[in-house]
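Spelled out, the chains give:
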Amino acid sequence: MKRISYWVLSTITTVVLLFGYHTSTSGVLAASTSVQTPISGAASSGSSSSGSSSSGSNPPTDSTESSGTSAGSSAGAAAGTTSTSSTVTGDVAQTRWGPVQVELSLASGKITDVSVVQYPNENGRDIEINSYALPVLIQETLSAQSANIDMVSGATVTSDGYLTSLQSALDQANL
Amino acid sequence: MIERRLERKVVQVMGMPISLALDGLHARTARGQQAWDEAVASLREADAVFSTYRADSAVSRLGRGEITLADCPSEVADVLALAAVARTDSHGAFDVRRPGPDGRLVLDPSGIVKGWAVDRAARALRQLPETDFALSAGGDMVCATARPDSPAWRVGIEDPRDASRILAVLPVRNGGVATSGLAHRGAHIADPRTGATPAAYASVTVLAGTLTDADVDATAAFVLGDDAPAWLAHRPGRHAFLVRPDGTTETTGFG
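Each protein sequence line maps, in turn, to chains A and B. Residue 143 in the working numbering is what sits at position 143 of the first sequence, and the numbering runs on without skipping anything. If you count the second sequence from 1, you need to add 1000 to reach the working numbering.
Quick caveat, the hints were computed from the structure, so don't treat them as lab data. No experiment lies behind these values; they were computed from the predicted model shown. Among the hints, erroneous ones may be present.
Short, incomplete list of chain B residues facing chain A, as computed with Cβ under 10 Å [claimed, not checked]: (1) Ser1136; (2) Gly1138; (3) Asp1140; (4) Arg1154; (5) Val1155; (6) Asp1159.
Here are some chain B residues the structure puts well away from chain A; computed CB gaps all over 12 Å [as the list claims (entries may be wrong)]: (7) Gly1063; (8) Gly1100; (9) Arg1193; (10) Ala1196.
Just so it is clear, CB atoms sit at the ideal spot from N, CA and C, and this is done for glycine as well.
Here chain A stands alone, though its shape is the one from the complex (with noise of 0.2 Å):
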């Protein structure tokens, strides 16, 4: 059996971490969230914007699949009422981490761009902190001792490279 030793830790900083995992409050929460500016500019123009602001009734989802479900409705909706560019912004969608709203951009029924106008912000985060608001950031300067760690994440590693991998040293050790 390989002994493993990583090099690690001799001052360690450890950074806490506000991470906003929603509450069932999260609506209300949501609601009061201030808005930052758009992202990739384009302000909403003349877009009928249907903007019925989900309450505490949406149960929080991931925002990639948020974005996604603006992105499909709104899509359809417009089909059927523009022949011409046109822009059309979605329903705000609730996120675990506050609303995010989703912009189309349209040429003849067709989605042409697709840009997110709405994010949350940090201070909606930092209020949504609840009791299991955890991970933390153990910066670590290495000196010789064990770092203790189950798993190990670094620049993509190849059949190759994986022989020489820390990853394959902690497989090994626990096979």
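Given the coordinates of chain A, work out where chain B should sit on it, guided by the hints.
This is chain B only, laid out in the frame that chain A set:
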């Protein structure tokens, strides 16, 4: 807090090692083995559909114009839609199209397929009650803890300058962790807008709710270079650990 007693499994799929750490009720059980088999089968299926190294994959045939998107398995359209959102969100820093040797655009969705495929494969493992798992594909992973008293998975972040060292430990209960950098494969990441190899950071690690999100954002941030921290700060639910070529580290999203 309970002590971990891990079961480890490794297999090679998609040209990279797939590593599983399993702990809890279904570690070392037939049902745990079955879930692992299903996860591996799911990854092999993704490889058969999406591999750009296989001339007969749906994506290779799509790229050559032999078939249309409608002829592909439905997940191809799903992944390309995810890629389109990622391209927009990253202002073009992430793109599944790149210039080929003859200057024509080549479809290469591998930058988004891995995260998506591992998220999908992890579903089989999520079905295991009271069982925690970490499923890694070549250093990018899905972590899940099903038991309230389990410790967080401790994810070591490799030093991009020396793969035998760990720069930080990220405790993750649930989420995806991905690192982009050039350490093991040389200059395989290019800025899709310019073709240049990014150099501002040696590696970027992103923690997000899903590995799909983490992987795409790590790649985009790596390409964005000096603009990465400001961009990441606007991404919902992302936390990032960035390493400069001289070893200096930066974080975003950690309070």
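Task: Numbered hints the structure breaks, given as an ascending list - done: none
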